[in-house]
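Q: Under our numbering, the residues of the sequence shown are numbered 2 to 408, in order.
It is worth saying that the hints were derived from the structure and are not from the lab. Note that the Cβ used here is the ideal one computed from N, Cα and C, for glycine as well. None of the hints are false.
The calculated label-pair distances, taken between Cβ atoms and stated as ranges, are:
1. E308 x D187: 26 to 34 angstroms
2. R198 x D113: 16 to 24 angstroms
3. A372 x P11: 13 to 21 angstroms
4. F47 x P266: 33 to 41 angstroms
5. A340 x K49: 48 to 56 angstroms
6. P266 x M2: 26 to 34 angstroms
7. D29 x M2: 40 to 48 angstroms
8. D187 x G85: 17 to 25 angstroms
9. T117 x P312: 48 to 56 angstroms
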Amino acid sequence: MNPLLSRLQPYPFERLRKLFADVTPNPDLRPISLGIGEPKHAAPDFLKQALASALDTGLSAYPATTGTPALREACAGWVQRRYGVALDAATQVLPVNGSREALFAFAQTVIDPTRTGATVVMPNPFYQIYEGAALLGGAEPHYVASDPARNFAPAWDSVPEAVWARTQLLFVCSPGNPAGAVMPLDEWRMLFELSDRHGFVIASDECYSEIYFRDEAPLGGLEAAQRLGRSDFRRLVIFTSLSKRSNVPGLRSGFVAGDASLIKPFLLYRTYHGGAMSPVVQAASVAAWSDEEHVVDNRRQYREKFEQVTPVLAEVLDVALPDASFYLWAGVPASFADAAAGLSADEAFARALLAQYNVTVLPGSYLAREAGGVNPGTGRVRMALVAESAECLEAARRIHQFLSRRA
2 MNPLLSRLQP YPFERLRKLF ADVTPNPDLR PISLGIGEPK HAAPDFLKQA
52 LASALDTGLS AYPATTGTPA LREACAGWVQ RRYGVALDAA TQVLPVNGSR
102 EALFAFAQTV IDPTRTGATV VMPNPFYQIY EGAALLGGAE PHYVASDPAR
152 NFAPAWDSVP EAVWARTQLL FVCSPGNPAG AVMPLDEWRM LFELSDRHGF
202 VIASDECYSE IYFRDEAPLG GLEAAQRLGR SDFRRLVIFT SLSKRSNVPG
252 LRSGFVAGDA SLIKPFLLYR TYHGGAMSPV VQAASVAAWS DEEHVVDNRR
302 QYREKFEQVT PVLAEVLDVA LPDASFYLWA GVPASFADAA AGLSADEAFA
352 RALLAQYNVT VLPGSYLARE AGGVNPGTGR VRMALVAESA ECLEAARRIH
402 QFLSRRA
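Please model the complete structure; the sequences and the hints are all you need to start from.
A: Printed below as a string of C-alpha cells:
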C-alpha cells in the first residue's frame, strides 16, 4: 500500500462520531444538526427539469474530460458577469466534478515531490482536502493560523521567507471556511508578489463566493489579478462549484479557471484520472451557470436566516456576522474545558449541548492542526446554518437556553 496513506488524519466528522459515541441526546427534543456544511435549501426546479430533459441523449456516449463547448462558455459567461473578467473558454476554463475532487487532483498535478522540502501552504483552520492533497502528493503542509484580530483571516505575513522559498502550492479560501473572511486586494497583491518571487502556484477555493451578507460581492482571485494588471492569471487557478451557489451538492459540478499553462497539464492529469463530467450533469450545469435569479433568492434566504440567528447567539457566545459563507464561527466559554476527561472547551461544549438539547455543532479544533504549540480552532465551534430558518432559529434558542441556565 502507498505508505503516504498512513499520514492522513481522520476526517472531522469521523472524530465527531467518536466524540459522541457515548452521548445520549435528549430524547424530548428533536435532533437539529448544525454540524455538516451541506446545503438544505430546495434545489431549483429548472435544474431538475434540465437533468430530466438530458436523460434521453446524455447517457449514450462517453463524455469528454474538457466538457462541452456550451458548458465552458456558460462558465466563462458567468465569470464575465460576476467579476468582469473575460476568459478564453477553450483554454482557461475546465469543468470538474465539484471542487473537492478538483482541489485534490490539482495538487497532484502541481507538486513535485522530488524537489527537496516540497511544501504546500494552507490556512489553519482549513478544509481537510488541502492537507490530504499535500500529503498524498508527497509534500509537507505548512499551516498558517487565522488571526482573530483580522476577522480570522490567515496571517500570511507570519510565514517565514524560508518556507515561501520551498513552497510549490498555496491554498487560499476566500470567503473562508469556517470564519467567512474575504481576502482584500492588498492581501492578493502580497500573495502575487510572493508567487512571483518564489514561483509557487496559488489555488483559490471560492466555493462560498455567492453567499454573502454585505452590499458588495466578495472579491475573487481572477478579479484581483485583473485589477493588478495580471490578465494572464499567471500561476493562479480558481475553484468554484454549484453546490452552495445553487443548492445542488449531489450534482457534483464545478469548474476551474485561470492560467492556461496550468489548465493544460491539469486536463492531461484528469484525462488519465477519469474526471469527465456526465453529459446529463453538464446540461444541468449550463442551465445553472446561466441563471442568476435562483442565486439571488438563495442569498436572500441565508441573509434572513443569519439576521434572525446571529443576535440570539451573540447574547451568550462570542460570535458575529461573517463576511460571507453559511457558517458561524463561535467562541465558547473556556470553563467548558475538561482536563480530567482530556476534552478541550469546544469538545466538551459540543458533547453537553448534544446531551442536553440535541443540537449538533462541530468543535473548531477538529478543523485545525496544532502548529507552534497552538491549535487555532480550540475554544470555538462551527455552526452551519444550512437548514430552514425556523430550524436554525430553534437551535439558536436552545443554545441560548443551554448557556443561560449554565451561567
